[in-house]
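Student: Sequence:
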Amino acid sequence: MAAAGVGYALVDDGRSLAASVNAVWPEGPDYVLDLVGTSTTVDSLHLVRRGGMVCVAGSLSGWVLPDFEPIAMIPSGTRLTAFHSDNLKGSAGTTVLQRVVREVEADVYRPNVDRIFGLDDIVAAHRYMENNQAAGKLVMMP
Numbered sequence: 088m089a090a091a092g093v094g095y096a097l098v099d100d101g102r103s104l105a106a107s108v109n110a111v112w113p114e115g116p117d118y119v120l121d122l123v124g125t126s127t128t129v130d131s132l133h134l135v136r137r138g139g140m141v142c143v144a145g146s147l148s149g150w151v152l153p154d155f156e157p158i159a160m161i162p163s164g165t166r167l168t169a170f171h172s173d174n175l176k177g178s179a180g181t182t183v184l185q186r187v188v189r190e191v192e193a194d195v196y197r198p199n200v201d202r203i204f205g206l207d208d209i210v211a212a213h214r215y216m217e218n219n220q221a222a223g224k225l226v227m228m229p
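Heads up, the sequence shown is in the working numbering, so the first residue is 88 and it goes up one at a time.
Hints are supplied without guarantee of correctness; some may be wrong.
Below, in silico cross-link-like pairs of lysine to aspartate or glutamate (EDC-like), each with a Cα-Cα straight-line distance of 20 Å or less [to be verified]:
id, residue 1, residue 2
1, Lys224, Asp194
2, Lys224, Asp208
3, Lys224, Glu190
4, Lys224, Asp201
5, Lys176, Glu156
6, Lys176, Glu217
Think of the hints as simulated: they come from the structure by calculation, not from any bench.
The whole structure should be built from the sequences, with the hints applied where relevant.
Tutor: Put into structure tokens, the structure is as follows:
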């Protein structure tokens with residue numbers, strides 16, 4: 088984990104993520120990157136310290152927060168923002184993509200490849216992924 092730049096890994100086991108977060112950061116972390124989506128956004132807002140920021144990105148559950156009341160649900164001083172890859176489509180994303188490519192070439196990013204599947208094994212790859220067996224990226228090769 089440390090080699091990937093991760094200081095702490097906290098697992099949301101459905102019981103008390105807040106207690107785990109508070110054990111590491113009693114005041115709350117400065118930032119939360121919420122990759123789950125709208126089902127966890129309000130909880131994420133209550134994890135960060137006063138003045139902290141929550142960024143919702145990669146939402147697989149949609150972008151609508153049912154019954155969301157910002158004044159009541161966003162703690163005072165806390166910021167909520169979002170990132171959508173549509174912001175960087177076309178030529179707007181060229182510089183960002185080129186920087187990522189350079190950093191991959193410079194070995195800054197090291198993907199955690201779990202398995203490589205042949206294209207003929209696409210069904211097995213999907214089953215492997217859907218059964219939560221992957222502990223990293225799956226790569227498809229022709």
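Student: For the pair supplied as a hint, lysine 224 and aspartate 194, is the alpha-carbon distance within the 20 Å limit?
Tutor: holds (17 Å)
Student: Would the hint linking lysine 224 and aspartate 208 be met if the CA-CA limit is 20 Å?
Tutor: Distance of about 15 Å is within 20 Å: holds.
Student: For lysine 224 and glutamate 190, compute the direct alpha-carbon distance and say whether it is at most 20 Å.
Tutor: holds (18 Å)
Student: Straight-line Cα separation of lysine 176 and glutamate 156 no greater than 20 Å?
Tutor: With Cα atoms ~31 Å apart, lysine 176 and glutamate 156 exceed 20 Å; violated.
Student: Given the hinted pair lysine 176 and glutamate 217, is their Cα-Cα distance within 20 Å?
Tutor: Since the Cα atoms of lysine 176 and glutamate 217 sit roughly 29 Å apart, the hinted pair is violated (cutoff 20 Å).
Student: Compare the distance between the alpha carbons of lysine 224 and aspartate 201 with 20 Å, and conclude whether the hinted pair is satisfied.
Tutor: holds (5 Å)
Consistency with the previously given hints fails for numbers 5, 6, ordered from lowest to highest.
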